Each structure stands twice: as structure tokens, then as C-alpha cells.
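Chains as they are written, first to last, in our numbering: chain H, 1 to 85; chain F, 1001 to 1656; chain P, 2001 to 2141.
Just so you know, these hints were derived from the structure itself, not from any lab.
Any given hint could be a false lead.
Not everything, but these chain F residues come out facing chain H in the computed CB check (under 8 Å) [said to hold, decoys possible]: (1) V1007; (2) A1015; (3) S1037; (4) P1198.
Values in this document were obtained by computation on a predicted structure and should not be read as measured data.
Backbone N, C-alpha and C define an ideal beta-carbon position, used for all residues, glycine too.
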Amino acid sequence: MSTAVAVIISVLVFGCIAYPFVRRMAGVRRESVRGRAEYADLDAEIENRVRELRESGACFCPRCGRKVNEADRFCAGCGASLRQE
Amino acid sequence: MAEIGSVCLVLALVASVYSAAAFIASEKGRYRVLAESARNGLLATCGLVSLSVVLLVAALLTHDFGIQYVVSYSSRSMSVPYLVSALWAGNDGSLLTMTWLLAVFSAVAVVRSWRRDRELVGYAAAVMAVTEAFLVLLLVSVADPFEQSVVAAAEGAGLNPLLENPAMIVHPPLLLGGYAGLTIPFAFAMSSLATGQPGIRWLTAVRGWAVAAWLFLGVGNIIGAWWAYVELGWGGYWSWDPVENAGLMPMLIITAFLHSSVAQRRTGRFYAWNLALVALAFFLAVFGTFLTRSGILSSVHTFTGTGLGGLFAGFLGAAVIAFLVMVVVRRSKLRNGTPAASMISREGTFLLTNVLFVGTTALVLLGTLFPLLSEVFAGTRIEVGESFYNRVAGPLFLVILGLVGICSFTRWQKRSVRPMFADMAAPLVVGLVAVAVLIGVGVRQAYAVTGLFVCAFAVSAVFIRWLGELRGRRNARRTGYLAAGIGLVRSAPGRYGGYMVHIGMVLIAVGVIGSSFYGSEREAVVSPGDTVVMGDYELIYEGTDRYETPDRLVVTARVAVESGGKSLGRLSPERYFHRTYKQPVSEVAIRTTLVEDLYVVLLGTDEDGTAALKVLVNPAVLWIWVGGGVLLVGGLVALWPRARHEGDMGSEDRGQ
Amino acid sequence: MAEHRSAEVGGHGVLKRKRILIGGLIVTAAIGYLGFLGIRGTAIYYYTVGEVLDQGRAVYGETVRVNGHVVPGSVVTEQAGLRMIFTIAGQEKSLEVLYQGAMPDAFREDIDIVVEGAMDSDGTFRARSILTKCPSRYEPE
Chain H
1 MSTAVAVIIS
11 VLVFGCIAYP
21 FVRRMAGVRR
31 ESVRGRAEYA
41 DLDAEIENRV
51 RELRESGACF
61 CPRCGRKVNE
71 ADRFCAGCGA
81 SLRQE
Chain F
1001 MAEIGSVCLV
1011 LALVASVYSA
1021 AAFIASEKGR
1031 YRVLAESARN
1041 GLLATCGLVS
1051 LSVVLLVAAL
1061 LTHDFGIQYV
1071 VSYSSRSMSV
1081 PYLVSALWAG
1091 NDGSLLTMTW
1101 LLAVFSAVAV
1111 VRSWRRDREL
1121 VGYAAAVMAV
1131 TEAFLVLLLV
1141 SVADPFEQSV
1151 VAAAEGAGLN
1161 PLLENPAMIV
1171 HPPLLLGGYA
1181 GLTIPFAFAM
1191 SSLATGQPGI
1201 RWLTAVRGWA
1211 VAAWLFLGVG
1221 NIIGAWWAYV
1231 ELGWGGYWSW
1241 DPVENAGLMP
1251 MLIITAFLHS
1261 SVAQRRTGRF
1271 YAWNLALVAL
1281 AFFLAVFGTF
1291 LTRSGILSSV
1301 HTFTGTGLGG
1311 LFAGFLGAAV
1321 IAFLVMVVVR
1331 RSKLRNGTPA
1341 ASMISREGTF
1351 LLTNVLFVGT
1361 TALVLLGTLF
1371 PLLSEVFAGT
1381 RIEVGESFYN
1391 RVAGPLFLVI
1401 LGLVGICSFT
1411 RWQKRSVRPM
1421 FADMAAPLVV
1431 GLVAVAVLIG
1441 VGVRQAYAVT
1451 GLFVCAFAVS
1461 AVFIRWLGEL
1471 RGRRNARRTG
1481 YLAAGIGLVR
1491 SAPGRYGGYM
1501 VHIGMVLIAV
1511 GVIGSSFYGS
1521 EREAVVSPGD
1531 TVVMGDYELI
1541 YEGTDRYETP
1551 DRLVVTARVA
1561 VESGGKSLGR
1571 LSPERYFHRT
1581 YKQPVSEVAI
1591 RTTLVEDLYV
1601 VLLGTDEDGT
1611 AALKVLVNPA
1621 VLWIWVGGGV
1631 LLVGGLVALW
1641 PRARHEGDMG
1651 SEDRGQ
Chain P
2001 MAEHRSAEVG
2011 GHGVLKRKRI
2021 LIGGLIVTAA
2031 IGYLGFLGIR
2041 GTAIYYYTVG
2051 EVLDQGRAVY
2061 GETVRVNGHV
2071 VPGSVVTEQA
2081 GLRMIFTIAG
2091 QEKSLEVLYQ
2101 GAMPDAFRED
2111 IDIVVEGAMD
2121 SDGTFRARSI
2131 LTKCPSRYEP
2141 E
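Produce the entire structure from the sequences given, and follow the hints as far as they go.
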């Protein structure tokens, strides 16, 4: 009995690991459908990113354009002063 | 069932090794599919180790004495909570618990950072997977929790009665979780070096995990201290045992990191320092686990004779070398940011605090390793007594507390001496008033007075600053104090959690100072009717009772407590003799008030009714546990996610 | 304004950095000295039974720690447990120990312990404290 359980678990684990490959190979055949799905994914991701930026109180360094925290005084990338004093 | 457990662990080893390799390969070659497969491998590892844990717990609950571990650490008479806690009572099981916690934390960290920190998550996950693989390797080779028992036993050895205390159900998993949790920041640190990402990216990935690991270790240590106090019967709560030190040192380092990471966010500096701190915390955690399992230093707790020492030492060595190699290879990326404005700016005091924390850790490590070092380099073994740590850690912690107060008045990137002295006047006055009151009440010991002055100063500094910010927000938004308070905490939970933690630490310090300098103890042999006078208390020993339960013989002493003729109740210290366990166990009787604890231990009895009692008066011990509770609340607040729209107004955020 | 600020910081940067570095080194040195004093003041030699007996007169009166095995049958308790006399053995030598104080719960016969105290000129060891190891497993009777 325990051998059977062990085999089942092994198959499940192997399945987890192999799944992304299987999906990728299956996806090659359904190009157009996958394409649309990918764009939908991309849209969702852009939405998420923009929302994250808007909500995180982030700003951009005027000198190098890098995203910095609202409370920082100096840009972590180029060292420019971020305060108007 | 045991065979399935072993299979799960072997599969977990395969999955985690694959996961590590696949993550590294996916980063090098930018193969997203491989990364997803590697992530699934990590999730599968988590599932497999979780299943192993479930199987072992089930074996404990069903008394499956075919498994050696169940025989060694459980018995039929144990209740369900203690049967479950037997999972971490012995070496193999506690290793399995830590492996499981790391698997869960890794899975959560990787899933959470999959989108948020996608540049860093690959290598970080690889490091987590490698660590997990190492632990599983131990479980599969030298520390197999599912090992079959040599002789089929009908009953197990049961629980050491000293461990039969609710605190012992939570203390080990908290510390194990703390150690496991420190892997995540280290993993992201390595990833930051490997990918060459800007220094600040890894901080956002890591902050929550650092606070969580700190909280696990802090609360775990305090619960351990509480257990030692009520259970071990020597009247103290911390003995600077190597195993206790092993749980303290990573916590001190990660505390330093929590401060300097804020400094890095504000000034862009300290990148290399923060990487080193996080790595050091991880190395100390591995080292601490190594200490407990190799028996290399004798202490009260060590699991002895397990043969794991060499493997842990090897892993630690490999991790240190890997880190140093990465630092050298990426050294050009490590210099950036603005220099500290001066020693008296906030980043200056943060740096000083860091030096103090690291220095204290170094000295504790030196004391812990001294016997080993002296034996290796000088031929004779020299140990350092408990007093070494008290003499060294005491002053350093006091200076750190002083900085807690001073730091409230510093500003980022500004040399703020003059405004600082003006602001500090109020807390200094509070401190002096406290000193006056103490001296009036009879507290004269120089160290105690100095210590309590610093505590009063620090706590009033924190409160004054908090009130100032509260008032500022209330005025800016025209709301009541309560709404302002809640809004304030929600806007910057890290900062206000930090304030609470500081207050908690002051409370703990007060408790430690009180009990260290003003404790008293005595031992007495008494016959029924005798009175022992201790301070303001009269303890009247009335006699002993004996009774038997299914698993033990209990001897109880009846002691009436009075003060100035007024009855304060009774205390019943006990001593019991387990049927299957050779050693007698004392149950201490404690009468706790805000001012002091009256602590009575029954040392022994004679047939004629005489008893040997040990009586201690420990001032202010309750403050330690209360402080611990405040610490817990503060830590939880600090973990709360920041309310997004709150942080854009108000003076409390403008560079202060 | 931003440029002025950076220049100001940059110009004094090297001096400031040196000052902070020196400050840090002073603090580190102070901590190191504290540690040195601590070790000098609290170091205790640690011997096995055989080693401490080999030391002979040299260790009389000096606080040391001795590791030995409690000989079964050698434990005598007096004063309802407040005073104990027992023998510890190691390297085929044995040492009699006198201990005044509370017996630690984990203490019993036939275990390894460490006693801290001083050798008396009469050859017995006056122990001030006993350190035991918490067993992670125990044998039922």
C-alpha cells in the first residue's frame, strides 16, 4: 500500500515540475489564442504596475528618472538632492 | 506510514536540488519556463515536507511506537498539545520542524516576490532552495525522524517533566522560525549582489521578513526566559548559556539591520554594511543551530552526540565563502549614496547604534567561544562566568537605551546639536525627577540609579516625540486625537511599531535592572510552625502534604505569607517524583506584584516534616514580561502593511 | 540650491567621513577594552577530575570548574537537601565534593556534571554551584 502512495506522490511532484514545460509546448500549437491570452496578461500586469506606483507614494528623481521613495532626500541611484530647500 | 514519510523527504531533496539548479539556470539564460518549473519545485518541496510533518505528528498522536522518535519523545499518557509539541522535542524532529518552516517561508516569499521583485526573486529562490536542500539532506542521512525503532516498544519514554509547561510548546518553534526566517533576507542579499541591482531594491523585498524573524526570535527568547524563571527554580531568567546566546546573537544583528536599513532608505548609504549584517545574522543562525546539535560546547540544553556538527560546519563555511566571493566580485556596485552629515545626525546615531549592537554581539560570541578558543590556542580550557556577560552587555545596552532617547531628537542629514539640546530638556528633567524619587525611596546603588535614569529619559523622549507627531497630525487634519492616532499608526506602521518596541525594551530594562541589583535570596531549614523573615515578608511554614497521581508522587509544602501581621495568602511550592523519570522536579511558587516577586522553592523534605526552603525576593520581574508583551504588539504593528493613501501629508514624514 | 547643497556636503565630505570613521574606531576600541577587562576579571579555568588533581597545590583556593562523573552510591544529603557530599570521577581518579546549596533538579547519580568552586587544602572540593546538562532523552526505569 505504501509503495502505491509513494508512486502517486512521486508522479504528482514530477507533474508539478514538468507542468510549465508541458504548457509551453501545448501553447505553441494554439498560437492565436495564446497570443490574445498573453496580451490580456500583459494588460493586467500594466494595470497592476501603474496602480502600485500610484499608490506607493513614489516619485521620480528629476535627474536620472529613477523611482525613489517619497520620503527620501537623496536619489539612491545618482545622489541628487530631492528636496526644494 | 514511516516509509511514506521517508519517501517524501527523499523526493523533497530531489525537488529542492532541482529547484536550485533550475533557478540559477533560468537566471543565466533568461528562460521563464524554467523559472516557473523551479518555482513549482519549491512549492512541491513545501508540500512534501508539510506531508512529512503531518505524518510524524499523526504517528505521535497514534502512538506509533514502530518509529524510534515516537518511542523516545512521547508516551501514552501525554495530552494532545504535548504530543504535538513532541514534534520539536528531540533533535530529528526539531530539525524537521525548522526545515518545514523554511519550506513554508520560502514558498511564501517566492510567490509574493514573483511579480513585485521579479529581478531579484530568481537567485534569492535559488539560495533558499540550496539551504532547504541542505536541511533535507540532513534529515535523509544523519537525522532521520522516521527511523524504525530497534525494539518494538509498548510504551514510549515520554516527556521530560521540566518541559511540561505551555511555554515549551511555543518557545522552540518560535526560535526555529526565527532562524529559518533569517534565510530569506540573506537570499535576497545574495541575489542583490548577483544581479547587480541598485542597492535599494532588495530592501523592500526584505523588510517584512527581517521584522518577522526579529519578532520570532525576540518573543521566543522572552518566553524561554520566562520558562527558565518559573520552571528551573534558580530564581533567574537568563544565564548566558551558549544555547541562549545562540538565540540572542542573530537577534541583535537583525535589530541593527532594522535600523541601518532605514538609514539606507533615507540616505542611500550603508548598502554594503546592510548586506554584511544580513549575512552575519544568517551565519549566526546557522552557527547557533550547529552549536545546539554538535555538543561542541557543554551547556544545559545541548542535544548531544548527533554527528551533525561536521555537516553544519561545512555548510556554514561554504555560505561564508560564497558571500565573500560575491562581495569581492561586485565591489564596484557597493559604493553609492550620500555621506552622513555628521555624527549627531540621525544616520550618525543609527551608525553608532549599529556599532554597539555588533560590538555586543561580538563580545557575546567571544565569551561563548572562549573555552573552545583557549583550548585550541592555549592548550588549557578557560571559561568565562556569567558575570562576564553582565559586565559587558549591561553597560552597552544602557548606552543603546540612551541612544533611543537621543535619537528621537536627531534629524536626517542635519547636524542638529542646538535644537537637540532644547528638545531634550523635557526628557532630561523627567529623568532627573525619576532619580530624585528613586533616591528618596531608598534606591541608591550607582548603576541602578544610572540605569533607571536612562530608562526614564528614553521612554519620555519616545512619548514626547509621539505626542508631538500626534498633535501635528490632529492639527493638520482637524480630527480628534483618537482618529489622528489611528491614522498616524496606519500611515507609518514601521515607525510606530518601532516606538512601541522601544517602550517595551525600556520596560524590560527596568525589570532587569531591578531584579539584578536588588534581588535577595536565602535558604533555610524549617520545621512546621517556623517563620522565615525575608524583607517585608514573614513566611510561616505549616507542613507538607503528600499525594499520588497516576504518574507521580507529589510533595507540597504549605506556606502562609504575611506582611506586618496582615495575611497575604498562601504559597504552595511543590516537589514531585515522576514514576518513570529519575529526577525530582520542583514547582516554584511565586507571588507576583508590580513591585516584586516573592519566589519560594521547596528544596527537599525529611520524614519528620522538616523542609528546606529557598526564598527569593526579585524586584520588578513582572515588568520584563509586560515589556515582552509590548514588544510583541509593537512588532506586529510594524508588520502591518502601510495604508497607501495616508502617507502624503503632514509634517511627520518630512525628513524627520 | 540642490547643487549648492551637494557641493557643500561634497567639499567637507572627506573630512566628515574621516571624523566619523575615527569616531567609530574609538567606540569599537572602547568596546574591545570593555571585553578585555571582562575576560580578565571573570575567566575560570576548566579541568577534568584528573587534570585538577594533577595540578596539586597550584589550584588550592582558586575558583575553578571541574568536570566529572557522579559516582553512583556516593551521594549523601544532609539538612533536608541543602547540603550534599558526593564523589565525582574522571580519568580513573576521583574527587570528593562538598556542596552547600540547592540541588539542581537535573542532578542525579551517574551523570556528567561540572562543579564550580575551589579545592580545599584537605583535598576536597568546596563547590559553590553545580552545572548539569538537560538530557534530551532519558531512560525509564
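Given P1198/F as an interface hint, is the shortest Cβ-Cβ distance to chain H below 8 Å?
6 Å, holds
Should the interface hint for S1037/F be scored as holding, given a Cβ-Cβ cut-off of 8 Å against chain H?
Where the cut-off is 8 Å and the nearest Cβ of chain H is about 5 Å from S1037/F, the hint holds.
Going by Cβ atoms only, is V1007/F closer than 8 Å to chain H?
Hint on V1007/F: holds, closest Cβ of chain H at ~4 Å, below 8 Å.
Tell me if the interface restraint on A1015/F is satisfied: Cβ within less than 8 Å of some Cβ in chain H.
6 Å, holds
Violated hints are absent here; each numbered hint is respected by the structure.
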